[in-house]
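Protein chains in written order, with the numbering used here: chain A, 1 to 270; chain B, 1 to 472.
All the pointers check out, no bait thrown in.
Here are the simulated lysine-lysine pairs, BS3-like style, with alpha carbons at most 27 Å apart:
hint	chain 1	residue 1	chain 2	residue 2
1	B	K175	B	K200
2	A	K112	B	K193
3	B	K29	B	K94
4	B	K197	A	K112
5	B	K197	B	K94
6	B	K284	B	K346
7	A	K112	B	K190
8	A	K112	B	K221
9	B	K94	B	K193
10	B	K190	B	K200
11	B	K193	B	K221
12	A	K256	B	K221
13	B	K196	A	K112
Hint data in this document are derived by calculation from the structure and do not stem from the laboratory.
Please read all numbers here as calculations on a predicted model, not as lab measurements.
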Amino acid sequence: MNSKCINSIIVFSLCSTLLDFMIIPQNRIIFPRDRTVHIIISAFIAYFFTLIIEKIDFTKGIQRIALMSVIGVKTVFTINNFINYFSVFYGSYTFGVIFLTIVTSLFGYSLKEKSIEQLYAFFVLTNILMLTVILIFSADKLNVGNIYSNDISILFSGYKLHIFFDIFTIAAVTPTGKIRKTAQKKYLFTAAMIGIAVTLLQGFAVKGNMMYSITPLQAISQIISGTTVRRFDYIITIFQSVNYFAAIIFYVWAIKNIFNRGEKVELEEI
Amino acid sequence: MEEHLYRSLEKNREIIKNGFGQSVDYFEKDINILGHRALIIMCEDLTDITNLWQVNLRPLNNLKSDFTPQQVYEYITQNTTIPFNSQAADTFEKVQFFLTAGFTLILIEGVDKALVAPTQGYPARGISSPEAEGSLRGTRESFCDTGRKNMALIRRRIRSKGLIIETMQVGTATKTEVSIYYHRDYYDEKMLKSIKKHLKDINLPIITESGFLAPFVDTTKGSVFSAVSYTEKPDVFSAKICEGKIGIIADGCPFALIYPFLFNEHFSTNDDYSQRPYFVSFTKFLRYTAFVIAIMLPGLYIALADFSPESLPEKLIFYIFSSKESTPLPLFAEAIIIVITLEIIKEAGLRLPQAIGHTVSFVAALIIGDSAINAGLIGSAVLIVCAVSTIMSFVVPSFYEAVTVLRIVFLIVSGVFGGLGFAFCCVFLMLNIVNVNAAGISYFPKITAENKGELTDIFLKSSWRSLNRKKR
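Build out the structure end to end from the sequences listed, making use of the hints.
This is how it looks when you write it as structure tokens:
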């Protein structure tokens, strides 16, 4: 099987999990708490890992188990975070989360590589839409505290950006063949630039300086009232849930495909 | 193993006649050609008698020689200008094929082949305007029910030698002629082989239209979408053939199959190519929006109104709650009933004669639309949402089936799980799209550096001038 895609997810999960541990409060000195920075660093580390990963022999049982454990831990963390999120705000939906997670896992298990590559496009588009909604309809509510917070319960936390960059990173390290290197650099660069731009925009917006006052965001944010922002909480939660299910699909698919590594499988039987 | 014709005329006659049994349209007549016994056979209603006489038989009467039967056969085929078919019928299988295609066969005593005279004259509907695909500036011709006429329509539009048309018979009982079209310079050989193999493997007794073939061409599993599309317009069909796609037309059906037909192609129309790029980009955006609304609107409305009413504007909340109070059913049940009722009305109108179809529309509009709301049976907000969603589904007609099913799935899952269910359905929708097997091509374009222009092309349209420059 063409394993670049699997490599990407494995490496990404590895780095992401590693960094998740590194930014827990007691280790915050190592990396800033800002999720945006964290994800950009994660993306770059993932890129360098991808360059050397071909030399690792995945056919060895111990390494396979280790990788499965890493991705498994990442999956469990993701599910746990999401259930916690829903338990706090929508306690009655926890059963729904578990049920739909199981169904999504089954879907993820049955996906082919061709399909999973196309899913990236969808999720990037979804996340761009999500980010647009967040930026446009919450311009007056953004503040440094929210951006630089690790607390998932805060509406506009870096958690949402985290997922956004998750998707971009996977898309970035996916391409294969001749275009692989340029594609990775291109998307990583794009991801990094967007991350910096978003952070700057939010920073300017918060302080209400000149940039904020002259951008169309001001007009839009004046048109929509504070209550409208509250309303979009639910819409953003829906986007959040879409990303959650996407993450489950990617992880389940990655775990399944670790055992297919090295095998030649036709992408599509036409 | 196909049975070959015999030299004995009587034996051939007996076998062919037995094959057709007591069929009244089977016609045979003994004649004499250059002193040798011969037999004319045909299917009466499929043959043009005038053509048979004037073009094929009259010149035969003028021949004079003392040839052996075999020499007669060779002389007629090689030294006369009588336009007999270049391919002789040498097996009973071929005899049956030519007879049922409207040809006239002449068997000569002592020859184990039959002369095939092209005398087709069967009744067929002429070329008319397309009914299912409207266009502002495109051609007014549509495919007709006769496969051979459709071939002419395509050949007239692709006059290069690259167009290849192959035929095969499919259907054990109907023996329907299926034509496969492709362009030699652009087609994918592997794809073509695969399609031919799948078509040859069809073991169904009856094939009366192209739709029967679609599941064998597109082997997608686990998705409501399909990489096969239909068209009744020869210009669309020709354009797709020149894009490297494979076209299939079954004789007797005015709709052609195109494979593979990708997701974004459903959002383009023929008119897009004759309109200004900025307007086309705008209409494309509308079509995508309509597609999303058609699938998601009822589900999203139920998720918001039932699970998070505070997300809606105050006036709408009051309106929904007052509507809830006055109607006997919960919002979710109302929506399900309305969506299903709308589908039933559409189904009823579709199959009925046009005059009665209008009556159904009036009855539906008056009784269900007006009376049900006045009687307090359903809320007008839900009705509006469901009606808007249904209307939106007509914007991209080729997706109508998929949209209908997905709308109901969105509605049910969102009604049970709220926003979470709605999000799950969004992922489910994406999975349905990416699971389509489009002959190894991504049904939905991937995001990679090599196809950076592809995503732009989905939503926007370049002008012909810039495309022309790129081609150079």
